[in-house]
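Asker: These protein sequence lines map, in sequence, to chains F, V, G and C. Counted the way my numbering counts, the first sequence spans residues -12 to 261. Counted the way my numbering counts, the second sequence spans residues -12 to 261. Counted the way my numbering counts, the third sequence spans residues -12 to 261. Counted the way my numbering counts, the fourth sequence spans residues -12 to 261.
Just so you know, the hints here were simulated from the structure itself, not pulled from any lab data. Among these hints, one or two may not hold up.
Identical copies go unnamed one by one, so any copy, or any two together, can satisfy a pair.
[What the hints assert, rightly or not] Pairs of lysine to any residue residues, derived as SDA-like cross-links and limited to a Cα-Cα distance of at most 25 Å, are as follows:
1. K123 to R91
2. K(-8) to E67
3. K121 to L66
4. K123 to K227
5. K0 to I243
6. K70 to Y167
7. K121 to V37
8. K117 to V95
9. K117 to I90
10. K117 to E74
11. K227 to G213
There are 4 protein chains.
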Amino acid sequence: MPPYKLVSREYQKENTIIKLGEITIGGGNVCVIAGPCSVENREQLVDLAVQLKEMGVSILRGGVFKPRTSPYDFQGLGLEGLKILAEAREIAGLPVITEVLDIREIEVVCRYADIVQIGSRNMQNFSLLKEVGKIKKPVLLKRGLSATLEEWLSAAEYILAEGNRQVILCERGIRSFETYTRNTFDINAIPAVKQLSHLPLFADPSHGTGRRELVGPVSKAALAAGADGIMVEVHPDPAKALSDGPQSLKPRELEIMLNELSNFRISFNQKVSA
Amino acid sequence: MPPYKLVSREYQKENTIIKLGEITIGGGNVCVIAGPCSVENREQLVDLAVQLKEMGVSILRGGVFKPRTSPYDFQGLGLEGLKILAEAREIAGLPVITEVLDIREIEVVCRYADIVQIGSRNMQNFSLLKEVGKIKKPVLLKRGLSATLEEWLSAAEYILAEGNRQVILCERGIRSFETYTRNTFDINAIPAVKQLSHLPLFADPSHGTGRRELVGPVSKAALAAGADGIMVEVHPDPAKALSDGPQSLKPRELEIMLNELSNFRISFNQKVSA
Amino acid sequence: MPPYKLVSREYQKENTIIKLGEITIGGGNVCVIAGPCSVENREQLVDLAVQLKEMGVSILRGGVFKPRTSPYDFQGLGLEGLKILAEAREIAGLPVITEVLDIREIEVVCRYADIVQIGSRNMQNFSLLKEVGKIKKPVLLKRGLSATLEEWLSAAEYILAEGNRQVILCERGIRSFETYTRNTFDINAIPAVKQLSHLPLFADPSHGTGRRELVGPVSKAALAAGADGIMVEVHPDPAKALSDGPQSLKPRELEIMLNELSNFRISFNQKVSA
Amino acid sequence: MPPYKLVSREYQKENTIIKLGEITIGGGNVCVIAGPCSVENREQLVDLAVQLKEMGVSILRGGVFKPRTSPYDFQGLGLEGLKILAEAREIAGLPVITEVLDIREIEVVCRYADIVQIGSRNMQNFSLLKEVGKIKKPVLLKRGLSATLEEWLSAAEYILAEGNRQVILCERGIRSFETYTRNTFDINAIPAVKQLSHLPLFADPSHGTGRRELVGPVSKAALAAGADGIMVEVHPDPAKALSDGPQSLKPRELEIMLNELSNFRISFNQKVSA
């Protein structure tokens, strides 16, 4: 018996589908989340958001509370960043997702964001999980750096058990001995979790690889394996990004990748039963 | 340049020494923390605490807010458990340590506990780290399940940067491919961290091995490698423990182990320059 | 500077293409190797080979010298198995691949097999690598269980440095902490190795997952990420297989999977520039 | 049921003790093997061997067939190195151990060496294991980089099953995500393997840490945990060593460490029942 219940396929056979305005998450649709690692300034984000919308991106991402290894690294713009995110949302017409690190920030984040993200480092921050289990917005739950599938699904169970059934899982790579890539994207987890759970499942190839040139192929792989969407870091000038530059695509690179994925997706969905 | 500063040997050459009544933590003294994984009831804990005191244990441990993989597992006695801990402290004359999971619990935990523990799953819960950086009590910071030494020391830096210099580090095993043991106790981390940092460093052989029969030898190893103390799980009836039974010693087993360690420590301190 | 040269894209820009009769390995073609983990008996293998040929499988696999954890496990049929393989090749019209464990077996294996396989456990058996570097047949080199990309490519370099340029690399999953799957298929390695090296690159989703139900999705993922082929374990009655039953497909399951892959491949190749 | 038999404590309760002239390996004795990673030239090795003998080292190590990641790295002096080793043995009066990589070298290595070493990369080179199972000399079997305890003991079983009962196990660190150290020395493996098996067990803190400054503390830890000996790399001028410089001690550093260990050992053996 697994240590979770509500998240399991045994409990609910049909895929959970989350509606966000016109956007449908889960259930065979493919959804693209994109944006910078950190919100850095208003102009940059608004410009980028407009470009992303034109490319067919569905949801805008941008970190404003940043979990950084060192206390001396850039910690995000906080409330100011939330306001910038909200403005970009209005102008570009894109729903937004941002990470929450602290139970005291949940309320304000919910005021500005459409989806709340729980990051890898907080996957087993059970207090935070319980609190986002009480909100009315979808929660995207990233897999912990060394979390087993069972631990990940049990973390999601904490959210569902509090009443919030709108949970999106996101595989973002695990820690292994390999140092060529920042993390090891666990492709096995994609079909495994789709079989174990009815929740929508995304892939984050940016953190999953840590290298810009691998983001495209790993995105394709994740979709081919059954992921419901991808979450990609983009920055107008990756070399100057305040965080995660080496794994960020330029807007033009994302556009090319999305064109490939789009063709790929269409043909894939038409011809292959997943 | 490492991403931390205040915790480093470069910044402070002499060992940090923490005084807790008559107890000295760090600086060549060897200190034993012992107690049950979870506080289960008053009588059991008080009885155990009195026995531990007689054996020479310095500090009593007991979890009351438990970070459990599944929301359906025993989550700890909470406030009631804190009161039991405090009572055991009075009767046995032992300072107590317990884990805090949530910033909202810090105040009440500080009212009852002498040392506040941050567990592995929260090693990068930066909000929690910042808040315990503002308290006046020592904080024991366990290494995350897949945290590098640099990440661990940087997490400690978050606490020191807020003003709390009384941080004790605790190695508790990392995740590896080996399944015979629950975790892989990283013995290399003991001398490495003692060289990189001036903070006291403990070893938790209970979580580090997950197997009762390995706790004694790994305790000796950790002390031989330079640890300032050990933290051991004990339960009067491990088979019936509500958590961590397989890695808990019986009181009598701990007593035998401490006698061995005591001889070992004396000779070790007298004859070997570490 | 990497510790390898001949295997690198810097040294040779164009993809290495290996011809095996009518079969083309590498360079955008997708090639399927399938067969049982171990050759068990003549009738079973011949029957299976004929079925595989009909499904569009290009190459027949079958182990006759088996590297087994325990000396008391089935060690393979040896020479008898080679003869059975050769007979299946004649009847079904499929080239065959089999593993070599010992330099003393290279000659006889080369007499019967079309491709020689070096398994994970021998990836850094440098004597064996040097000897297969002197033969005139293609060598399929599996990645070691905990080999970095650099170590893997350097192992291939041992073979090329002896004169044999016909090397096929094969990702088969690495060891991680995850226990739900037998290994963690490293999808990042597919595009990374294709960028670092000109050698053909295969994926082994059977060992890479250890679970039958994940073989299909991970095969798709590997091809989507740029692999030149897949190597799949098939057995007429997996529950009775002498080795690797839980990860072996039934012939009918493979057929369904290949139909999906075939559609997928065609559309994928037509519409996406990899 | 474990996949091994002859190596288990169930099969043989008493510790296996191996006699090598006056030297006793296993059974509570502590034995030190030391020497350079690679034999580089006659004068250097003879000088070093004489010094080591004076310090109380029991056995001289020196690699002549080197398993190197890259084919372009120094591969060892081969037969010439064996002759130098033999000369050092005569002059210093120390038995010698060296690694064998290839079944064709076993005979010549046995002519010159007192103990034959199987390295980590060959732990599951089953042909090699079977062949050294037929010789009359002790075999030191290092644990593979990502071998579980069960796989390691099963590899030893291959040797015993062929008739050679003189096997010494050697823990040398496993691969983990930590990059501060070259490997993660698995201290848990020391008491675990002593409980599971009657074979003598050594520790290699040089490879287990990859850093000179950690060799002393990890040696103490391994002995405290119950290891029967240690194997340490020493070089007269580590900065110029042809291999493994960063983890090699200078002779004077080894001497200091051995004095500490000697005191430590004496007191440890007198006062602590392991």
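Asker: Work down the list of hints and note, for each, if the structure agrees.
Answerer: Okay, the hints, checked on the actual structure:
no. : hint         : result
1   : K123 to R91  : both (16 Å within a copy, 22 Å between copies)
2   : K(-8) to E67 : neither (39 Å within a copy, 29 Å between copies)
3   : K121 to L66  : both (22 Å within a copy, 23 Å between copies)
4   : K123 to K227 : neither (36 Å within a copy, 40 Å between copies)
5   : K0 to I243   : between (36 Å within a copy, 23 Å between copies)
6   : K70 to Y167  : neither (37 Å within a copy, 41 Å between copies)
7   : K121 to V37  : neither (32 Å within a copy, 42 Å between copies)
8   : K117 to V95  : both (17 Å within a copy, 20 Å between copies)
9   : K117 to I90  : both (9 Å within a copy, 14 Å between copies)
10  : K117 to E74  : neither (29 Å within a copy, 30 Å between copies)
11  : K227 to G213 : neither (34 Å within a copy, 30 Å between copies)
Against the hints set out earlier in the document, violations occur for numbers 2, 4, 6, 7, 10 and 11.
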